[in-house]
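*Asks:* If you're matching them up, the sequences are chains Y and A in order.
With my numbering as the guide, the letters of the first sequence map in order to residues 48 to 439.
With my numbering as the guide, the letters of the second sequence map in order to residues 48 to 439.
Any given hint could turn out to be false.
The list makes no distinction among identical chains, and a pair is therefore deemed to hold if it is satisfied within one copy or across any two copies.
Derived DSS-like pairs: lysine-lysine, alpha-carbon spacing no greater than 25 angstroms straight-line [what the hints assert, rightly or not]:
#	residue 1	residue 2
1	415	338
2	218	155
3	327	415
4	123	431
5	209	137
6	143	204
7	59	120
8	123	178
9	209	143
10	415	209
11	338	218
12	204	155
13	204	327
14	415	204
Derived by calculation from the structure, the hints in this document are not laboratory data.
2 protein chains.
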Amino acid sequence: MMKINLDSLAEKYRDELLTNIIPFWENKSIDRDHGGFLTCLDREGNVYDTDKFIWLQARQVWMFAFLYNNLEKREKWLEIAGRGAHFLEKYGRDEKGNWYFSLTREGKPLTAAYNIFSDCFAAMAFAQLSKATGEKNFSSIAENTFRNILRRAGNPKGIYNKNISGTRSLKGFSLPMILCNLTLEMEHLADTEFVGEMITRCKDDVMEVFYDEASGLIRENVNDDGSFSDTFDGRLINPGHGIEAMWFIMDIAEKTGDNALAREAAKRTIDILKYGWDEKDGGIFYFLDIKNSPLQQLEWDQKLWWVHVEALVSLVKGYKHTGNQECLRWFTKVHDYTWSHFPDPEYGEWFGYLNRRGEVLLPLKGGKWKGCFHIPRGLYHVWKTLDKINLK
Amino acid sequence: MMKINLDSLAEKYRDELLTNIIPFWENKSIDRDHGGFLTCLDREGNVYDTDKFIWLQARQVWMFAFLYNNLEKREKWLEIAGRGAHFLEKYGRDEKGNWYFSLTREGKPLTAAYNIFSDCFAAMAFAQLSKATGEKNFSSIAENTFRNILRRAGNPKGIYNKNISGTRSLKGFSLPMILCNLTLEMEHLADTEFVGEMITRCKDDVMEVFYDEASGLIRENVNDDGSFSDTFDGRLINPGHGIEAMWFIMDIAEKTGDNALAREAAKRTIDILKYGWDEKDGGIFYFLDIKNSPLQQLEWDQKLWWVHVEALVSLVKGYKHTGNQECLRWFTKVHDYTWSHFPDPEYGEWFGYLNRRGEVLLPLKGGKWKGCFHIPRGLYHVWKTLDKINLK
Numbered sequence: 048m049m050k051i052n053l054d055s056l057a058e059k060y061r062d063e064l065l066t067n068i069i070p071f072w073e074n075k076s077i078d079r080d081h082g083g084f085l086t087c088l089d090r091e092g093n094v095y096d097t098d099k100f101i102w103l104q105a106r107q108v109w110m111f112a113f114l115y116n117n118l119e120k121r122e123k124w125l126e127i128a129g130r131g132a133h134f135l136e137k138y139g140r141d142e143k144g145n146w147y148f149s150l151t152r153e154g155k156p157l158t159a160a161y162n163i164f165s166d167c168f169a170a171m172a173f174a175q176l177s178k179a180t181g182e183k184n185f186s187s188i189a190e191n192t193f194r195n196i197l198r199r200a201g202n203p204k205g206i207y208n209k210n211i212s213g214t215r216s217l218k219g220f221s222l223p224m225i226l227c228n229l230t231l232e233m234e235h236l237a238d239t240e241f242v243g244e245m246i247t248r249c250k251d252d253v254m255e256v257f258y259d260e261a262s263g264l265i266r267e268n269v270n271d272d273g274s275f276s277d278t279f280d281g282r283l284i285n286p287g288h289g290i291e292a293m294w295f296i297m298d299i300a301e302k303t304g305d306n307a308l309a310r311e312a313a314k315r316t317i318d319i320l321k322y323g324w325d326e327k328d329g330g331i332f333y334f335l336d337i338k339n340s341p342l343q344q345l346e347w348d349q350k351l352w353w354v355h356v357e358a359l360v361s362l363v364k365g366y367k368h369t370g371n372q373e374c375l376r377w378f379t380k381v382h383d384y385t386w387s388h389f390p391d392p393e394y395g396e397w398f399g400y401l402n403r404r405g406e407v408l409l410p411l412k413g414g415k416w417k418g419c420f421h422i423p424r425g426l427y428h429v430w431k432t433l434d435k436i437n438l439k
Numbered sequence: 048m049m050k051i052n053l054d055s056l057a058e059k060y061r062d063e064l065l066t067n068i069i070p071f072w073e074n075k076s077i078d079r080d081h082g083g084f085l086t087c088l089d090r091e092g093n094v095y096d097t098d099k100f101i102w103l104q105a106r107q108v109w110m111f112a113f114l115y116n117n118l119e120k121r122e123k124w125l126e127i128a129g130r131g132a133h134f135l136e137k138y139g140r141d142e143k144g145n146w147y148f149s150l151t152r153e154g155k156p157l158t159a160a161y162n163i164f165s166d167c168f169a170a171m172a173f174a175q176l177s178k179a180t181g182e183k184n185f186s187s188i189a190e191n192t193f194r195n196i197l198r199r200a201g202n203p204k205g206i207y208n209k210n211i212s213g214t215r216s217l218k219g220f221s222l223p224m225i226l227c228n229l230t231l232e233m234e235h236l237a238d239t240e241f242v243g244e245m246i247t248r249c250k251d252d253v254m255e256v257f258y259d260e261a262s263g264l265i266r267e268n269v270n271d272d273g274s275f276s277d278t279f280d281g282r283l284i285n286p287g288h289g290i291e292a293m294w295f296i297m298d299i300a301e302k303t304g305d306n307a308l309a310r311e312a313a314k315r316t317i318d319i320l321k322y323g324w325d326e327k328d329g330g331i332f333y334f335l336d337i338k339n340s341p342l343q344q345l346e347w348d349q350k351l352w353w354v355h356v357e358a359l360v361s362l363v364k365g366y367k368h369t370g371n372q373e374c375l376r377w378f379t380k381v382h383d384y385t386w387s388h389f390p391d392p393e394y395g396e397w398f399g400y401l402n403r404r405g406e407v408l409l410p411l412k413g414g415k416w417k418g419c420f421h422i423p424r425g426l427y428h429v430w431k432t433l434d435k436i437n438l439k
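Using the sequences provided together with the hints, build the complete structure.
*Replies:* As structure tokens, then:
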């Protein structure tokens, strides 16, 4: 297992990105009639639903702009990102500038702006695209959206929040976690002092507030004062979230030259992974309960593509930062599971949803939540990180 | 298979009701400190969460009042129903008289009144209890709640409705379906003409509006004009819902002496069951897509207790009404699956959530959605219907 050839592995990730994943979305998802992307694609890549989800529209814009900025100045990639951005700009926001959750194929609003992650992914998309084009219009959309997110952060669901105030006030991990990443994505548009403050705040949330020292795990929800809430939400562990957040933290550590922070994030990646790994059937569970009580999530034991891809990124980055062999051992283990279960050798791209035993649960390549994002982003990061390791 | 002994089968359902299920809830779920019921019970019946969900509080009140009214005048049953009702009366409603979704153990409101089914189950509970006690207070709560439901029926989620109006207006099957049953539950409190009108309206919704003649299936959501919506929601089939609705319709048919209606409902029960049955692993799927497209429900292939219990009721009632051997064959098939998979021989009561292969997915006996309702109600109906068949 330790004889892994990191050179040929880097190639494997690059080839998968450039000859399987990206061509799939280039060929199958572009909506030439109405703009934007069709992301509900069945196993063969045929469109089975035409609704457009802001998360996925924005993430695909980000992905192609990112490839253009970081990999190669292919005009096609910029054109694809631009098509998505124009659709988003035209139809994606309500009168207050908040991003809807979903639109019809033509761009009519379907679901209101109850979900602040639509705004997060939109900000990411326009920030990345503004880097590619320098267009002032794109950077203002990113900036305004980012300001809106920070303004709404105290009550992200706004009027759609069904919790009665004053009874049980929990705060969720998702937003602080994503702000770690989004702050770095916005860096070129914000002033240094502000970025510094944001980074300190997000790092503290992710590494302290939601961290449970006793178990070494990250909680999805905690009481307002940071204490444990012995409730369905308070007991919830989402290993994929915790693991993904650790590479966001490693990126912050790299930026700020904080080696201790990188080492701590690598350690926590492994702690969460040990807890979240399914010893019986392999793979990483979707949800767990910290007290091992029955969960409300019926999908708790399923194996999801993004969880495994994010784990690969955190482990390879953890290995780069620390040289720790345990990171490499776990990387190999997750790599073996991922590559033997998710890719579809027949029709390309990867399956997204497997049952506990690793059998395909839904044969889709794209849907309401799976699009052109985690897999290509993850393949890119693993490839590039392996390259850096190999250069050492 | 056809040699089934219906006499001993009636006894089996009765014994399970009276010596397993009801004692379990009598012994494990009563909250002697704060009133109401603790419904989050693990495999052994220990409380693992103390939140109180209005659906489950009300359903348990209904269940014990129903047993008192229909089976035996046990003071203990009336006392249990009364305890739950007093908790609900004291803490369950907001200032507009709408029922919250959940409360803390002490009765503080947690989740706002976004869910009209809380109101439906509360109306059922207080109507059934008013029958037992004759208390005016209980009947007014039932009547006011029922009026509120009808007033809110056009937009059940109220301000929590996230759909942008005017883009895609779907109507859902759940409310008309439940109103079929609730109208009969409210009958003793309403005037005959009103009940007659309600029955006509609900019957038309269930048997015509949501019915897809081509497939013989019932849709979960249709366009406002009743046409098919080729969307995630429009394509959704919930076999358990459709099948359960068919015994509500048979009860209406019995009440109105409409034999043709009962026969049609029995036929449709079998049509839905044929479609919903898992030929590979047995049991009835939770969700399906009418075009066989990938679903958004990750739990689609799971086998749930209530789906199977409701199918048993519809099939045995269908057999009683029609004498159709196909009803009996399907009853036997669902009976065999149900009894060999759901009951827990070790700690009593039944498991609720199985994976596709019929293995226990969550070892709970009660939770956020499973309480003291479908199993005892179903066992009662199957037992009593078998008794009637055996008397013929």
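*Asks:* A separate judgement is required for each hint: does it hold in the structure or not?
*Replies:* Comparing the hints with the structure gives:
1. For a Cα distance limit of 25 angstroms, the shortest separation of residue 415 from residue 338 across copies, 17 angstroms, qualifies, whereas the shortest one inside one copy, 31 angstroms, does not.
2. For the identical chains of this complex, residue 218 and residue 155 are inter-copy neighbours only, at 19 angstroms across copies versus 32 angstroms inside a copy, given an alpha-carbon limit of 25 angstroms.
3. Proximity of residue 327 and residue 415 under a CA criterion of 25 angstroms is satisfied in neither setting, with 30 angstroms inside one chain copy and 27 angstroms between copies.
4. Taking the shortest Cα distances, residue 123 and residue 431 sit within 25 angstroms of each other inside one copy (22 angstroms), while across copies they are farther apart (70 angstroms).
5. Only between protomers do residue 209 and residue 137 lie at most 25 angstroms apart by alpha-carbon distance; the minimum there is 21 angstroms, versus 30 angstroms within a single protomer.
6. In this assembly of identical chains, the alpha carbons of residue 143 and residue 204 lie at most 25 angstroms apart whether taken from the same copy (14 angstroms) or from different copies (23 angstroms).
7. Within a single copy, residue 59 and residue 120 get their C-alpha atoms as close as 22 angstroms, which meets the 25 angstroms cut-off; across copies the closest is 73 angstroms, which misses it.
8. For a Cα distance limit of 25 angstroms, the shortest separation of residue 123 from residue 178 inside one copy, 16 angstroms, qualifies, whereas the shortest one across copies, 72 angstroms, does not.
9. Within a single copy, residue 209 and residue 143 get their C-alpha atoms as close as 21 angstroms, and across copies as close as 16 angstroms, so both meet the 25 angstroms cut-off.
10. Taking identical chains as interchangeable, the C-alpha atoms of residue 415 and residue 209 lie at most 25 angstroms apart whether they share a chain (23 angstroms) or sit on different chains (16 angstroms).
11. With identical chains, the CA atoms of residue 338 and residue 218 are at most 25 angstroms apart within one copy only, with a shortest distance of 19 angstroms there and 40 angstroms across copies.
12. Taking CA atoms no more than 25 angstroms apart as the test, residue 204 paired with residue 155 passes in both settings, with 21 angstroms inside one copy and 22 angstroms between copies.
13. Taking the closest pair of Cα atoms, residue 204 and residue 327 never come within 25 angstroms of each other, the shortest separation being 38 angstroms inside a single copy and 42 angstroms across copies.
14. With identical chains, the CA atoms of residue 415 and residue 204 are at most 25 angstroms apart both within one copy (19 angstroms) and between copies (22 angstroms).
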